[in-house]
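Here the structure of chain A is known, so what remains is to put chain B in place on it, guided by the hints.
As a plain string of letters, each chain reads:
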Amino acid sequence: MKKNVAFLGVFLSLALIFSYVESLVPFAFGVPGMKLGLANSLVLALIYVRTKKEAFLINVARILLSGILFGNPFSIIYSMAGGVLSFVVMIFLKEKVKLNILCVSIAGAIFHNLGQILVAMAVLRTGSLIYYMSLLLISGLITGTLMGIISNELIKRIK
Amino acid sequence: MTLKKRDLLFILVIIILIIAVNIVVIFALKKDADYVELSVDGEIVDTYSLLEDRTVKVFEKDKINNFEIKGGTVRMTEADCPDGTCIRQGTISKHNETIVCLPHRVVIRAVSTGDTKDSLDTLVK
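Protein sequences appear in the order of chains A and B.
All residue numbers for the first sequence refer to the working numbering, where the first residue is 158 and numbers rise by one.
All residue numbers for the second sequence refer to the working numbering, where the first residue is 14 and numbers rise by one.
Isolated chain A (complex conformation) (with noise of 0.2 Å):
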């Protein structure tokens, strides 16, 4: 137990880094939204080395943390949306229709980015944001590949 906290305690500081390091490079392109998804791919390797539990309580921590030390309210509540509907979506692939590592992993990229233009819609009432999702969908996929390997690698080390 006391070695399992210092595990999720170093993984958690390492996505608050991971966090950090994406909000001070401009990587948007112009297309609000679009980053690499470091931290995530943090929370990707951790569903699959330790449970979905730690991973999920790890993903809601990491989020509300940036979003406190170097985000807003509302960047929390776009990350939370994002960050939710992309762990479900993950989780349900990996287990129910059990797809690689990359695959849950681009899904997830999607995913995260569909999360928050829905809610920006919402807060924003505007429908005209959905314009965004075929520029997303392309960087999700990219991105996700991208953190899939990186995934893929991270658990082969910490097995």
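Each computed PhoX-like pair below joins lysine-lysine, with the alpha-carbon atoms no more than 25 Å apart:
#, chain 1, residue 1, chain 2, residue 2
1, A, 255, B, 17
2, B, 43, B, 107
3, A, 251, A, 313
4, A, 313, A, 255
5, B, 107, B, 70
6, A, 251, B, 18
7, A, 316, A, 209
8, A, 313, A, 209
9, B, 18, A, 253
10, B, 17, A, 313
11, B, 17, A, 316
12, B, 18, A, 255
13, A, 209, B, 17
14, B, 17, A, 253
15, A, 313, A, 210
16, B, 18, A, 313
17, A, 160, A, 313
18, A, 251, B, 17
19, B, 43, B, 83
20, A, 253, A, 316
21, A, 316, A, 210
22, A, 251, A, 209
If you are wondering where the hints come from, they were derived from the structure by calculation, not from laboratory data.
Below, chain B alone, put in the same frame as chain A:
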């Protein structure tokens, strides 16, 4: 890391989805035109609002090119040009769409007054 059949299928579905969404967005982004520009011999002769339905005769005599504005769309209804292509071009209603009658050198272009990007400028973080 081995990719099984279902994994490849999944990636294929994602790619198809991306293409489909992009096609939808490209068509949806086209704004409805607000008025049409009528040009004869390369010069803009007149503009007509799409808000009111009417029929316009391009030429007073000699040649016939009649177009109809109805419910925000434009359609060439009558023409005596040899090929009749302008009639077959059907109705236009979106920004920058055109009906061209080459033999009579008539161009009808639909124009939107609004900037298409305006509606998209909202900040998401």
